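Undergrad: Sequence:
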Amino acid sequence: MDELRQASNFWYSLRPLLSRAVTTCQIFNPQCTLVPADSDILCQYDVGVVLPDGTKLLANVFRSRRAEEDSRKVPVVIHPLAATEAGKIEIDNSVASWDPKVWAYYEAIEWVARQPWCDGAVGLNGVSFLAITQFHVAACRHYGGPPPALKCIVPWEGLTDPYQDSICPGGIEDAGFLTFWWHTEVKPALTGSAADFIKDNDASVAGMLVKHPLMNTYWREKAAPVDDIELPMLVCGSFSDHCLHTQGSFRAFTRARSRHKWIYTHRGGKWDVFYSPEVQHLTKQFMDCFVKGESNNGFLSHPPVTLEVRSSRDVIHERRGEKAWPLPGVTWSKLRLGPSGLSRSNPEKSTELCYECTNGQVSFDFRFDQDTELTGEMKLRLWVEVRGKPGQSPVPNDLFLFTAVDKRDVKGKPVRFHGSVGFTDDWVTRGFCRASRRELDQIHSKPWLPVSSGISDQPLRPGEIVQVDIALYPSSTFFSAGESIRLVISGQEIIRNPPYHKKVAAGPEKCVMHVDGKYDSFLLVPESSL
Numbered sequence: 045m046d047e048l049r050q051a052s053n054f055w056y057s058l059r060p061l062l063s064r065a066v067t068t069c070q071i072f073n074p075q076c077t078l079v080p081a082d083s084d085i086l087c088q089y090d091v092g093v094v095l096p097d098g099t100k101l102l103a104n105v106f107r108s109r110r111a112e113e114d115s116r117k118v119p120v121v122i123h124p125l126a127a128t129e130a131g132k133i134e135i136d137n138s139v140a141s142w143d144p145k146v147w148a149y150y151e152a153i154e155w156v157a158r159q160p161w162c163d164g165a166v167g168l169n170g171v172s173f174l175a176i177t178q179f180h181v182a183a184c185r186h187y188g189g190p191p192p193a194l195k196c197i198v199p200w201e202g203l204t205d206p207y208q209d210s211i212c213p214g215g216i217e218d219a220g221f222l223t224f225w226w227h228t229e230v231k232p233a234l235t236g237s238a239a240d241f242i243k244d245n246d247a248s249v250a251g252m253l254v255k256h257p258l259m260n261t262y263w264r265e266k267a268a269p270v271d272d273i274e275l276p277m278l279v280c281g282s283f284s285d286h287c288l289h290t291q292g293s294f295r296a297f298t299r300a301r302s303r304h305k306w307i308y309t310h311r312g313g314k315w316d317v318f319y320s321p322e323v324q325h326l327t328k329q330f331m332d333c334f335v336k337g338e339s340n341n342g343f344l345s346h347p348p349v350t351l352e353v354r355s356s357r358d359v360i361h362e363r364r365g366e367k368a369w370p371l372p373g374v375t376w377s378k379l380r381l382g383p384s385g386l387s388r389s390n391p392e393k394s395t396e397l398c399y400e401c402t403n404g405q406v407s408f409d410f411r412f413d414q415d416t417e418l419t420g421e422m423k424l425r426l427w428v429e430v431r432g433k434p435g436q437s438p439v440p441n442d443l444f445l446f447t448a449v450d451k452r453d454v455k456g457k458p459v460r461f462h463g464s465v466g467f468t469d470d471w472v473t474r475g476f477c478r479a480s481r482r483e484l485d486q487i488h489s490k491p492w493l494p495v496s497s498g499i500s501d502q503p504l505r506p507g508e509i510v511q512v513d514i515a516l517y518p519s520s521t522f523f524s525a526g527e528s529i530r531l532v533i534s535g536q537e538i539i540r541n542p543p544y545h546k547k548v549a550a551g552p553e554k555c556v557m558h559v560d561g562k563y564d565s566f567l568l569v570p571e572s573s574l
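The sequence shown begins at 45 in this note's numbering and counts up one residue at a time.
The set of hints was computed from the structure by calculation and includes no laboratory data. Every value quoted in this text rests on a predicted model; they were computed, and no experiment measured them. Be aware that a few hints might be false.
Said to hold, decoys possible - Here are the computed lysine-lysine pairs in the DSS-like style, where the Cα-Cα straight-line distance is at most 27 Å: (1) 100 / 231; (2) 433 / 455; (3) 336 / 117; (4) 433 / 554; (5) 378 / 455; (6) 305 / 367; (7) 266 / 328; (8) 243 / 455; (9) 336 / 393; (10) 266 / 490; (11) 255 / 243; (12) 367 / 378; (13) 490 / 378; (14) 547 / 243; (15) 393 / 367; (16) 554 / 378.
Generate coordinates for the entire structure from the input sequences, incorporating the hints supplied.
TA: Given below as structure tokens:
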């Protein structure tokens, strides 16, 4: 049954991707041009790499012919992408032992540094999972630190906490992406069959959330220890990958102890931006500074934050440098919820706002009377109560809270943005929280950024009114005078963006939101002076 459920979720997740591939003719005639390698590049494929324990890896090595002829040693930048199945380390059938094979990554880096064509300096560069592994090896728990040869990392959009970032954000299970990943990445890399894996573990990878529903040692061991990273790093934190890598990228940048760290932000397609001339130049300059030791090349004067502010999907309002994240000059403003929308003042009287959890929602608008920029995380504070219908059994004791912020132009029409996996109808930002998982991590939560602890389940009692703080993902958006934001709250997903799909168990109950001076319900927004 678990496998059937996974297959159903997989095809649901895959459908929009296939549809886009067909309508754009990419599936029949991919827009890809193969060009010969530069005449100076010496291409060596399937080079054997033997690790100390006997594990055998294969690597593709691309070197300079002129450097080879001159017997000149050069630094190396590793892009850890397996071109064939033979280049992968297979995953055994015990999911409890899973890790990104950091120990092998560590040893492979040291192997490269020992080669006669390497000068002993190595840098890392990669996107998505190839960024995630960088976070792990940069603070390698297995050896108590990074490989001595590793000089810097460029993790370009990578989550750092699978449980919080993707698998169960806000206590709500994602049944889409994990299933998609299981079928496209995990199953092909298993030593045995998928059936053996499920038999050995009583579940698939997605099913492990049933065995470990709360944050515990099992999940913590799969999170990258970003607080221990001290290497120089150039991180990409995009505003267009909210359901996967955005939160983890900003977490890594803000928590890492690195003396030299930079973050590059954008709201375009992750691969388009990564391969853009601007980013390729920026990455090369960073690598020259820390891998080649050219500290006088100007990169050290680069601002710590490269900020991209968008006013719509394809309109970049501004690109500029900033000194820190969150932005030093930001003003955290409370927009209070009320029956007439969002307001900078408290509601005049006590109000209950309700919606049915199966198909209802409520919305709140706020119009800006002057040009405004919102850059940073947002926080939504709600005071909620669950009410069942007469005779409803069992008595409801939980709420699934979905929230999203939309931009509206001066005519009230929605303004959309680039999102994840080719999605072009994204909103400004979004957030999720299951009311029973409302407990916060008191160590890492900030006044503007509630962080779910994930360690407790606190069902709601009949008539109980509870405070729920919901984090909305980082974004950077410009609003002209007369434009608005619309806050939407629902018991179901608001933004449909497969392969991301949340599992919701809502019944016919109602969500009741309490709004008045006693119950201070508000949306905290990061306003920047213009």
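Undergrad: Would you mind marking each hint as holding or not holding in the structure?
TA: Hints versus structure:
no. : hint      : in the structure
1   : 100 / 231 : holds (21 Å)
2   : 433 / 455 : violated (39 Å)
3   : 336 / 117 : holds (11 Å)
4   : 433 / 554 : holds (8 Å)
5   : 378 / 455 : holds (25 Å)
6   : 305 / 367 : holds (11 Å)
7   : 266 / 328 : violated (30 Å)
8   : 243 / 455 : violated (57 Å)
9   : 336 / 393 : violated (65 Å)
10  : 266 / 490 : holds (23 Å)
11  : 255 / 243 : holds (14 Å)
12  : 367 / 378 : holds (24 Å)
13  : 490 / 378 : holds (15 Å)
14  : 547 / 243 : holds (24 Å)
15  : 393 / 367 : violated (42 Å)
16  : 554 / 378 : holds (26 Å)
In this structure, the earlier hints numbered 2, 7, 8, 9 and 15 are contradicted, and the remaining ones agree with it.
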